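Work out the full structure, taking the sequences as your base and the hints as a guide.
Letter by letter, the chains look like this.
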Amino acid sequence: MASKIETAEAVEILSGNEAIARGAWEAGIRLAAAYPGTPSTEILEAMAGYEGVYCEWSPNEKVAMEVGVGASMAGGRALVCMKHVGLNVAADPFFSSSYVGLEAGLVVVSADDPGMHSSQDEQDNRNYARFARVPVLEPSDSGEAKEFMVAAYELSERFDTPVMFRTTTRTSHSKSLVTMGERVETEPVTEVRRDWNKYLMMPQNAIARHRIVEQRARDVAEYAETCPFNRVEMGDTRVGIITSGAIYGYAREALPDASYLKLGMTYPLPAKLIADFRSKVDKLYVVEELDPFLEEAVRLLGVKVDGGKELNTLLGELDARSVARSLASAGVPGVNPDLLGDLAPQAADLPGRPPTFCPGCSHRGLFVVLKKLRVFVSGDIGCYTMGALPPYSAVHCSTCMGASISMAHGMAKVLEPPAADAKPDLRKKVVGVIGDSTFFHSGITSLMNVAYNGGKTLSIIVDNSTTAMTGGQENPGTGKTLLGEPSAVVDVPALCAALGIKRVTTIDPYDMAETERVLREELAADEASVVIAKAPCVLQFKIRKSVYQVDAELCIGCKRCLQAGCGALNLYTDPNGDLKVEISATDCAGCGVCSQLCRQDAIVRPVSAEGKGS
Amino acid sequence: MSARPTMNVLLTGVGGQGVVLASFVLSHVAMSEGYDVKQSEVHGMAQRGGSVTSHFRFGDKVWSPLVPEGTADLLMAFEALEGLRYVHWLKPGGVLVYNALRINPSPVSAGLATYPGDVDGLIRAAWPNTKCVNANELAAKAGTVKAANVAMLGAISPTLPFALETWEEVIRKAVPPKTVDVNLEAFRLGAASASTPDDAGCSTR
Chain A
1 MASKIETAEA VEILSGNEAI ARGAWEAGIR LAAAYPGTPS TEILEAMAGY EGVYCEWSPN
61 EKVAMEVGVG ASMAGGRALV CMKHVGLNVA ADPFFSSSYV GLEAGLVVVS ADDPGMHSSQ
121 DEQDNRNYAR FARVPVLEPS DSGEAKEFMV AAYELSERFD TPVMFRTTTR TSHSKSLVTM
181 GERVETEPVT EVRRDWNKYL MMPQNAIARH RIVEQRARDV AEYAETCPFN RVEMGDTRVG
241 IITSGAIYGY AREALPDASY LKLGMTYPLP AKLIADFRSK VDKLYVVEEL DPFLEEAVRL
301 LGVKVDGGKE LNTLLGELDA RSVARSLASA GVPGVNPDLL GDLAPQAADL PGRPPTFCPG
361 CSHRGLFVVL KKLRVFVSGD IGCYTMGALP PYSAVHCSTC MGASISMAHG MAKVLEPPAA
421 DAKPDLRKKV VGVIGDSTFF HSGITSLMNV AYNGGKTLSI IVDNSTTAMT GGQENPGTGK
481 TLLGEPSAVV DVPALCAALG IKRVTTIDPY DMAETERVLR EELAADEASV VIAKAPCVLQ
541 FKIRKSVYQV DAELCIGCKR CLQAGCGALN LYTDPNGDLK VEISATDCAG CGVCSQLCRQ
601 DAIVRPVSAE GKGS
Chain B
1 MSARPTMNVL LTGVGGQGVV LASFVLSHVA MSEGYDVKQS EVHGMAQRGG SVTSHFRFGD
61 KVWSPLVPEG TADLLMAFEA LEGLRYVHWL KPGGVLVYNA LRINPSPVSA GLATYPGDVD
121 GLIRAAWPNT KCVNANELAA KAGTVKAANV AMLGAISPTL PFALETWEEV IRKAVPPKTV
181 DVNLEAFRLG AASASTPDDA GCSTR
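For the record, the sequence lines run as chains A and B.
The first sequence begins at 1 in this note's numbering and counts up one residue at a time.
The second sequence begins at 1 in this note's numbering and counts up one residue at a time.
Just so you know, the hints here were simulated from the structure itself, not pulled from any lab data.
Every value quoted in this text rests on a predicted model; they were computed, and no experiment measured them.
Treat the hints with care, since some could be wrong.
In silico DSSO-like pairs for lysine-lysine, Cα to Cα no more than 27 Å straight-line [stated by the list, open to error]: (1) Lys545(A) to Lys146(B); (2) Lys178(B) to Lys545(A); (3) Lys372(A) to Lys198(A).
This is the structure we're talking about:
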């Protein structure tokens with residue numbers, strides 16, 4: 001799909017993420033690095049389309065952050081992007097970057113996911129900004145995202161500080177109008193300036209830098225008083241609202257005529273501006289999503305707040321209706337009545353439509369087998385986490401990137417070994433399952449730990465040669481970079497061997513009998529082992545083999561094939577009242593998992609007109 | 001000119017149905033006609049058969065990208081169940097236009113749930129101000145079933161204040177060059193279906 005349409009005026013409809021990339025390009029950045037993660041992924045994908053910027057997918061957010069710190073320390077403006085949990089991984093260099101500062105601007109995008117559309121937790125990463133004494137800008141739409149991004153680099157250099165650029169799913173993934181500008185040409189980087197006191201964080205230097213960092217926070221707070229992105233919009237003075245980001249839009253709809261202090265920079269805060277705004281309104285409300293980040297800071301200034309987090313929940317996303325209802329319940333005048341009406345009743349008991357493995361997905365057969373084996377599966381972050389959903393229900397824990405193997409190791413270390421005369425029981429076995437990109441991200445050290453500390457767990461690396469869940473990005477195993485250049489390819493079996501794993505087997509996960517045989521063998525082994533289930537992502541590589549059909553004469557309606565949980569299969573009742581399964585020819589990708597499950601030989605691949613069976 | 005109020009459209013469907021492209025066309029048509037535009041969708045799991053929603057809003061000044069529940073002027077459902085699921089998003093007097101198509105959710109495919117048998121009846125009971133369109137059939141007639149999303153745009157086009165030329169100009173630029181004619185034909189058939197007095201015979205399958 002085309003991402004944009006050129007118009008005569010320099011106005012385009014861009015997503016927040018596309019606008020961030022545009023703003024960074026206009027600011028003359030020389031480098032951008034990221035690890036994919038919803039809702040941040042499209043920033044680097046858009047960035048890669050601009051000339052004059054080196055862009056890369058780093059193997060994880062910590063590496064991306066350090067690459068950005070290095071570039072800015074050398075004198076090139078740099079951009080680093082991640083989802084909220086990515087900053088947990090990158091926290092170490094993020095904090096250090098605050099101490100060392102930079103030669104050229106450094107902006108770190110943290111794309112938070114209130115409502116957890118595609119995340120394992122909710123985090124308000126503005127807390128990191130305050131924690132690390134790094135100023136944070138929060139745009140409320142794409143137009144501001146571009147404008148703030150250009151300004152973020154000026155702010156970064158003026159105060160010698162990295163800047164956090166905090167979005168949420170609704171600013172990153174919503175589209176609105178953006179006015180285009182020109183790129184600022186920055187000086188080429190010819191050498192790396194040496195400044196031992198500033199850039200080498202041994203204690204004697206770091207002690208001196210901490211003093212500078214705290215002074216800088218006070219200086220930026222002073223600047224916040226006149227920062228053009230902190231804007232007062234006076235209306236009805238009975239009600240004053242302090243808000244930021246996408247929530248500003250919800251509040252404007254909920255209370256069209258109120259007075260607003262719209263904060264574009266949410267750390268550090270402008271104390272005088274806030275006190276002055278307070279003095280002009282009768283009641284003051286702070287409306288924000290997730291944590292009471294602004295509210296607590298405003299209260300600490302000694303400013304009276306008439307309503308905050310007790311009105312708008314800590315949990316999930318807000319929207320205009322929830323804001324309207326919460327303020328109306330507190331007796332706030334002027335709430336938009338259109339947002340207070342009752343809703344039409346929702347239809348009850350409708351089947352949900354959760355995401356699932358695509359027809360043809362290489363993970364499907366593996367999870368059917370894992371379910372049959374009844375092992376405990378320690379899962380990870382990626383498409384294969386959907387192996388936890390029915391009908392597989394074959395993933396039993398999943399926390400954060402790279403945790404599958406290390407958690408399985410910890411479990412195995414505390415599990416009592418079976419008695420010498422006990423029957424083998426696979427239910428007591430723990431297996432780690434991790435994808436290729438997640439393994440490169442933070443699974444390698446976990447596997448090294450298993451080998452080093454004499455673990456005996458089985459780790460399954462599901463290698464589909466792409467970063468599938470976020471839309472198919474390149475990674476160190478795919479042989480290509482973000483910019484499309486051919487690259488070195490990690491040799492996964494050799495890497496596992498180099499880490500000290502002696503049993504490494506590669507299997508074809510579409511061959512379920514062989515998959516089961518190998519897994520049983522490796523589970524019986526008395527040492528650590530790795531099984532690499534290697535087959536490319538059907539969605540990313542558009543793989544379609546010839547389709548299967550059901551021989552209705554042979555189908556007995558036993559539903560065994562439905563264990564595949566494939567969207568191409570459909571259960572129906574034939575005119576005789578008998579249950580049968582049919583296969584959608586438009587959806588079937590020809591993987592054969594359902595056929596292997598069928599015990600009636602009813603699912604067959606007809607020989608096509610050209611005589612090709614596969 | 002008096003201020004034009006914000007119009008709210010909610011698009012719903014299943015990953016892979018072209019909901020995102022339809023939103024793209026709507027946004028650019030509204031921008032071309034001089035409106036402020038905001039649009040929002042959630043990426044990440046959209047291609048894996050999950051439920052997809054996209055919010056599209058236009059007016060003189062649009063504050064936020066989300067259509068609040070109970071305020072949609074138009075609910076455009078690319079699949080019947082995904083229409084029924086979101087009727088509470090409509091405001092009183094709002095219009096539901098849905099595609100006469102059933103796509104089984106994964107729990108139904110796995111035999112763990114059933115698709116509502118009389119989904120058309122349930123939709124009409126829940127929201128009488130409803131129009132059913134056979135967008136996949138219209139698109140197939142135009143040349144490819146892949147243009148069903150553009151046929152849906154044709155079907156809802158009479159409910160929005162945009163000129164035909166603007167629709168056509170944006171569709172030309174938004175779809176792959178080789179498919180322009182097919183898509184324009186699908187749009188035209190969709191628009192024509194909207195003016196038929198009733199859609200008797202249009203039911204999901």
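(request) May I ask which of the numbered hints given earlier this structure violates, with the numbers listed in increasing order? (result) Violated hint (a single one): 3; every other hint is consistent with the structure.
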